[in-house]
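Numbering (my numbering), first residue to last: 1 to 139.
Hints in this document: simulated from the structure, not taken from any laboratory.
Treat the numbers as computed from the prediction; the structure is a model and nothing was measured.
Be aware that a few hints might be false.
[Said to hold, decoys possible] EDC-like cross-link-like pairs, simulated, lysine to aspartate or glutamate; straight-line CA separation at most 16 Å:
| # | residue 1 | residue 2 |
| --- | --- | --- |
| 1 | 92 | 103 |
| 2 | 36 | 84 |
| 3 | 112 | 130 |
| 4 | 97 | 130 |
| 5 | 127 | 109 |
| 6 | 97 | 48 |
| 7 | 115 | 84 |
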Amino acid sequence: MADAKNGIEMVKSQFVNEVLDGQTYWFAETKLPVKKNSPAAYLLPNYDEYFIGFKDRSAIAEVARRSNIDESSPALIAHVIILDGQIVGGWKRTIKKNAVVVELNLITDLTKAQKRAIADAANRYGKFLDLPVELAEVD
Numbered sequence: 001m002a003d004a005k006n007g008i009e010m011v012k013s014q015f016v017n018e019v020l021d022g023q024t025y026w027f028a029e030t031k032l033p034v035k036k037n038s039p040a041a042y043l044l045p046n047y048d049e050y051f052i053g054f055k056d057r058s059a060i061a062e063v064a065r066r067s068n069i070d071e072s073s074p075a076l077i078a079h080v081i082i083l084d085g086q087i088v089g090g091w092k093r094t095i096k097k098n099a100v101v102v103e104l105n106l107i108t109d110l111t112k113a114q115k116r117a118i119a120d121a122a123n124r125y126g127k128f129l130d131l132p133v134e135l136a137e138v139d
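Using the sequences and the hints, build the whole thing.
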């Protein structure tokens, strides 16, 4: 941690920071407006750096916190679904002979656009596996 702090001190004049809920976030200043591609969904594998790379996951767990989801919930044990930067559930896959079944375990209600974004993420995964996707939602 000391190395990270020293590194920030050496280059902080090249970055801007913002303090949110007592946490300081550092980022490069951009000159171009950010184009928001929302909703953006990703099916992350367990042990992905986005999910486990930080001791404090509060920045990505706002939806889970509002949903009163316990950290040991089956929805969050294995792979996680990220929607617009937030954890919205978990997923698992079952590979069959002619398809991959992707089961979604959502922790919140989603809009049609959000569900479509998650379906698109599942289809990207199916394309990677070179298999069609069968999407299933766990109740």
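Status of each hint after checking the structure:
As the CA atoms of residue 92 and residue 103 are separated by approximately 5 Å, the hinted pair is consistent with the 16 Å bound. Proximity of residue 36 to residue 84 is assessed by CA-CA distance (about 10 Å); at most 16 Å being required, the pair is judged to hold. Of the supplied pair hints, the one linking residue 112 and residue 130 is violated, its CA atoms being roughly 26 Å apart against a limit of 16 Å. A distance of roughly 12 Å separates the Cα atoms of residue 97 and residue 130; the hinted pair therefore holds under the 16 Å criterion.
Between residue 127 and residue 109, the direct Cα distance comes to roughly 26 Å. Violation of the 16 Å bound is thereby established for this hinted pair. Between residue 97 and residue 48 the alpha-carbon distance is near 27 Å, which puts this suggested pair outside the 16 Å criterion. Of the supplied pair hints, the one linking residue 115 and residue 84 holds, its CA atoms being roughly 12 Å apart against a limit of 16 Å.
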